[in-house]
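Using the sequences provided together with the hints, build the complete structure.
Which chain is which? The protein sequence lines are A and B, in order. With positions in the first sequence counted from 1, the corresponding number in the working numbering is that position plus 12. With positions in the second sequence counted from 1, the corresponding number in the working numbering is that position plus 283.
No lab work stands behind these hints, which were simulated from the structure alone. Worth double-checking, as some hints may not be accurate.
Claimed, not checked - Below, computed lysine to aspartate or glutamate pairings styled on EDC-like, alpha-carbon distance capped at 20 angstroms: (1) B/K565 with B/E553; (2) B/K574 with B/E537; (3) A/K61 with A/E137; (4) A/K57 with B/D425; (5) B/K615 with A/E100; (6) B/K446 with B/D428; (7) B/K564 with B/E537; (8) B/K614 with A/E100; (9) B/K615 with B/E632; (10) B/K305 with A/E137; (11) B/K407 with B/D425; (12) B/K305 with A/E138; (13) B/K564 with B/D547; (14) A/K33 with A/E115; (15) B/K305 with A/E100; (16) B/K564 with B/E553; (17) B/K407 with B/E379; (18) B/K643 with B/E583; (19) B/K554 with B/D428; (20) B/K305 with A/D41; (21) A/K64 with A/D79; (22) B/K305 with A/D45; (23) A/K61 with A/E100; (24) A/K113 with A/D60; (25) B/K654 with B/E580; (26) B/K446 with B/E501; (27) B/K305 with A/E132; (28) B/K614 with A/E94; (29) B/K407 with B/D428; (30) A/K64 with A/E24.
Said to hold, decoys possible - Derived, one-sided and incomplete: chain A residues facing chain B with beta-carbon distance under 8 angstroms: (31) E24; (32) D41; (33) G48; (34) K75.
Just so you know, even glycine gets a beta-carbon here, dropped at the ideal spot from N, CA and C.
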Amino acid sequence: MAYPANYKYTREHEWIDVSGKTGTVGITDHAQDSLGDIVFVELPKVGDKVEKGKVFGSVESVKAVSDLYSPASGTVTAINEELTTAPEKINADAHAAWIMKIELSDPGEVGGLLSAEDYEKYAQEETGH
Amino acid sequence: MSATATLRKTPLNGLHRRLGAKMVDFGGWDMPVEYSGLIAEHLAVRTGVGLFDVSHMGDIQFRGPGSLEAVQHISMNDASRLQVGQAQYSAMLYPEGTFVDDVIVHKFSDNDYLFVINAGTREKDYEWVRAQARGFDCHVNDYSDYYTQLAIQGPKAQETLQKLTKAELSQVKFYWFTWGTVCGLPNTLIARTGYTGEDGFEIYVPSDEATSERVWNEVIEAGAEFGIVPCGLGARNTLRLEAALSLYGHEISESLNVWEAGLDRFCKLEKGAFVGSEALKKVQAEGGPEKKLVGLEVVERGIARDGYRVMDLGGNAVGYVTSGSPAPFLKKNIALAYVPRSLAEPGTEVAVEIRNCPVKAKVVPLPFYRKPKKG
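Quick look at the structure:
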């Protein structure tokens with residue numbers, strides 16, 4: 013699956029789509045593929061403060077738990093409640109199934125994240141083929 | 284040396300990779316964990332049929348007039364009750380009454396028995412068997428690398444395999460076996476055994492790559508009309524967990540004894556002394572085990588995982604989860620766990636500590652899943 017060129021990516025396999033002061037966050041297609049069937053998403057709460065590089069929730073597949081790391085700092089303004097009952101939406105389309113929206117405290121932070129092209133290379137190297 | 288160079292491979296390794304399986308290191312073996320997806324594979328076995336490569340399992344054969352005596356000495360079930368063509372679940376114990384490994388004992392003839400053992404403990408088991416069988420009038424041989432072992436599991440397993448053999452499979456009862464031509468291979472061991480809690484067969488074919496792949500492909504073709512899928516170790520684990528079947532290193536280990544693990548019905552003290560029997564009698568005489576393996580169902584939102592702590596309602600850590608997972612068929616979050624005997628009754632409320640948070644769970648009867656009776 014193609015990695016949207018307008019998103020930025022973390023080495024922990026999250027993506028962020030920035031529009032003005034709002035960042036929409038999810039996990040990458042590579043992440044959902046590695047995890048397998050996702051059955052549980054632990055969401056943050058609206059109003060929570062999140063910090064770049066810190067854990068804000070988790071996703072669980074049948075066989076594993078994976079922490080979610082925030083690509084940027086800010087305040088949670090919305091969460092995707094649909095994932096509580098339909099976590100498999102992430103497997104179906106990871107780049108559309110967003111997890112949270114945050115109001116960025118420092119939009120400049122996002123500049124240091126990986127581009128789609130760099131992330132794709134990074135993910136391929138990690139897989140080892 | 285790279286990590287992958289040291290991993291052992293089954294004869295079907297190349298095929299798994301061509302099928303696009305996700306591979307993992309399982310007890311030193313490079314094995315498929317899933318192909319199309321764990322949940323789909325799990326459900327195929329519960330409702331149709333699935334095919335597993337379980338060639339990593341080990342096979343130890345006893346031959347000679349002293350075989351039964353040796354088998355009786357080193358395993359806890361009563362092999363003298365077996366008829367030719369019958370198998371039983373059993374275990375090899377240390378003198379302390381704890382587990383070397385669990386095994387399936389097959390009686391080939393009065394002088395000929397086969398143990399099917401776990402992959403991760405193959406060398407340890409073989410060494411143990413050789414040491415313990417010394418002094419008995421029998422030969423012990425490790426045939427693990429001679430067989431590709433395939434498990435065809437699910438309510439449609441019989442119909443699938445019947446297309447590939449003239450052996451009358453309907454006559455083979457659960458935990459019995461026969462010999463027959465399968466895919467043109469004469470004298471193939473066909474056992475009605477498995478590790479999924481479902482009906483099914485395990486077949487043992489020559490371990491060369493060409494034969495192994497041919498048989499695999501013929502089984503897939505035969506099962507196509509029933510929606511057969513290749514299944515990985517991921518589904519194998521969730522299937523066995525729903526059926527509450529023990530996994531070495533989790534529910535049973537060298538530090539857990541038979542009474543704790545709740546495997547009493549496979550342990551026959553009345554057959555006479557065997558390795559571990561004295562220690563087990565002593566535990567019984569002293570009032571039984573202090574902890575017990577139980578089934579847990581997580582009542583609140585959360586998934587219990589291996590190693591998580593179990594708490595009583597007062598918030599004290601009292602036990603631990605040995606295997607925990609979402610159960611794809613039952614659609615519940617279940618776990619096997621060790622708890623004090625006082626908390627082992629079904630209905631007892633406990634909590635599982637999930638990322639520092641106590642999440643309510645209750646003790647439930649085992650197994651979580653029982654295959655429907657044929658009717």
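| field | In rising order, the numbers of the hints this structure does not comply with | value | When the structure is compared with the hints, numbers 3, 4, 6, 19, 23, 31 and 32 turn out to be violated.
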